[in-house]
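With chain A fixed as given, assemble chain B onto it according to the hints.
There are 2 protein chains.
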Amino acid sequence: MNAPSQTLAGSLNLPQPYLLFLGDVAEPSFAKTAFGLAHWASDRCVGELAIGGSALSVGLTPMTPAEAVAAGGKALVIGVANSGGVIPESWQATLVEALDAGLDIVSGLHVRLGAIPAIAEAAKRNGRRLIDVRTPPAGIPVGTGRKRSGKRLLAVGTDCAVGKKYTALAIHRAMAERGIDADFRATGQTGIMIAGGGIPMDAVISDFEAGAAEVLSPDAPAGHWDVIEGQGSLFNPSFAAVTLGLLHGSQPDVFVVCHDPARKAMLGIDGFGLPPVEEVIDMTVRLGKLTNPDIRCGGISFNTGSYSAEEADRLIARESDRLGIPVADPVRGGRAFDALVDHCLA
Amino acid sequence: MNAPSQTLAGSLNLPQPYLLFLGDVAEPSFAKTAFGLAHWASDRCVGELAIGGSALSVGLTPMTPAEAVAAGGKALVIGVANSGGVIPESWQATLVEALDAGLDIVSGLHVRLGAIPAIAEAAKRNGRRLIDVRTPPAGIPVGTGRKRSGKRLLAVGTDCAVGKKYTALAIHRAMAERGIDADFRATGQTGIMIAGGGIPMDAVISDFEAGAAEVLSPDAPAGHWDVIEGQGSLFNPSFAAVTLGLLHGSQPDVFVVCHDPARKAMLGIDGFGLPPVEEVIDMTVRLGKLTNPDIRCGGISFNTGSYSAEEADRLIARESDRLGIPVADPVRGGRAFDALVDHCLA
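Protein chains in written order, with this note's numbering: chain A, 1 to 346; chain B, 1 to 346.
Source of the hints: derived by calculation from the structure; they are not laboratory data. Just so you know, not all the hints are guaranteed correct.
Covered by chain A, according to a simulated footprint, are these stretches of chain B (three or more residues, beta-carbon under 8 Å) [said to hold, decoys possible]:
# : stretch
1 : 136-145
2 : 203-209
3 : 235-243
4 : 286-297
5 : 328-340
Residues from chain A that face chain B, not an exhaustive set, calculated with beta carbons under 7 Å [what the hints assert, rightly or not]:
#  : residue
6  : Phe30
7  : Pro141
8  : Val142
9  : Gly145
10 : Asp207
11 : Ser238
12 : Ala240
13 : Ala241
14 : Leu267
15 : Gly268
Yeah, the Cβ is synthetic: ideal placement off N, Cα and C, and Gly gets one too.
One chain only, chain A, in its complex shape (with noise of 0.2 Å):
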């Protein structure tokens, strides 16, 4: 993706390109992170770096630290994880090569980087930033309600993890390529190292969480649009909050409402089954009015992942026809995902 067109105030920025730290884990599922990175910002990565021996790769070009550097690199990010969270003594020694190769670190990691002393030690010998995309920036202000200019579009969704980070990355990918001016505003800490900046919306302090939206899709041009990704479910018993001060302060003109088919009940919650599909997209108005009178629904993203490719097109051709609206799965793409970005933009 392209770097954004503005650099927002109050929001985190992260020094771009990568180098992308694989660990020395051998299980790709603990490597979503770089997979995602790999994927969504490739040209803002010049290389990968695994160590001990282990085979992990996602297609970049191999790395040293000081190569990464030689090669214009500013940063190491982390882009795998361990159970745990933790920074395993076995990768010590390398983040602490990166920073005296002159290149910061970037972790989303629970265990803050700081913490290890040599780590620590490391980056203020050099003067380098060890930056934890976790951490909300500094002075969020409080939410003011206030109609901004310019177009915007959020990912919402019936649970979390139903895929709003992909839907939103995906949408945004599809306006690019249709030359329109738009940037995707990350809410999370995979899309934060993604697009290279944004708020991690699930730390902001609740007072502050319509304010922390509202900063990051600051006012634009009147054709541009920020496409914004979701955090949560207004149905989800835990993390509703997050999911409500997201929509007041995204004001969004367009929402699309990402959905897992196939889940039966809230994931991780005891006794909590998924929301209609269309219970979504009314409690999301009436909700998101509030800030924008003129909310609507873009259209469903559906992740079928867990479906043959001739069930999920019989299921997003008969959901499409049911609830009157496009339905379309981002990562199948094809003529139903066209259909879905063209009413987002209608």
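Showing chain B alone in chain A's frame:
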């Protein structure tokens, strides 16, 4: 009010009784917290302390810190604010004297007590606590949505500052007078000082907002009521995230809608009117039934301070007829308020 029937793990717990500090402010409107404490928690105050020749009093016995300790006092609570929320130099000697005398200090001011060297040093020297009721306790978990035992009542509102705290306190007092086992659960700084504990919900990180509300009103005996102070409004574009997390986590059986019928626009927000009371009822039911399918409206609490007694009576009778539900002003009390409490308990 009585001490809570249980101490909450994960919630603030303040040392009581208090010496109520009135500073040297001449203007009673800067002493709202002190008047609130004197009204709702006089049995938990040993006395008051004004300095610098101030004539301000909330009707308690004047006392020095040493006299307060001798009378059983455990903490000096700062009951006044001045513009900017700072601690003026003229207060410092008295606050140090209080720490030296053996009192902790409780504050809801913007400035941290520990940021003032003389106060930080005196606290350390005496092994006393500096408690900032704006700071949430550590270790708040993510919400689970699990149904808890006991009954819960939540005050909600058409806006901020419409009487949610007063309403919850008045309903709690009425329940206590009827011999009902009930606790007032505080969610804002003045409420926390009155209750001697609670969680400042607006200062909780968004991801943990519902979880904080769950901690605040834990499992209780079947006949027990938690009467929970509300925050913000679902229709306030700045603070609705706080309101929704509190609603989901509180899982109220009954809610009371608080409203100022004289207010024409949202407090401090340009271009936003107040929602009709019936829209707040409908939205609170729709969103609240996620965590409590049996949620219902117990009545409407009007803040009629700007009306004459006759006007207020007429307005209350008319709105009660129109809505088909009890309407009352808890400050005026009377049969209308009794009917509201009856309906909450029905």
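Now for the hints, and whether the structure bears them out:
| no. | hint | result |
| --- | --- | --- |
| 1 | 136-145 | holds (count 4) |
| 2 | 203-209 | holds (count 6) |
| 3 | 235-243 | holds (count 7) |
| 4 | 286-297 | holds (count 4) |
| 5 | 328-340 | violated (count 0) |
| 6 | Phe30 | 22 Å, violated |
| 7 | Pro141 | 9 Å, violated |
| 8 | Val142 | 5 Å, holds |
| 9 | Gly145 | 3 Å, holds |
| 10 | Asp207 | 4 Å, holds |
| 11 | Ser238 | 4 Å, holds |
| 12 | Ala240 | 5 Å, holds |
| 13 | Ala241 | 3 Å, holds |
| 14 | Leu267 | 12 Å, violated |
| 15 | Gly268 | 9 Å, violated |
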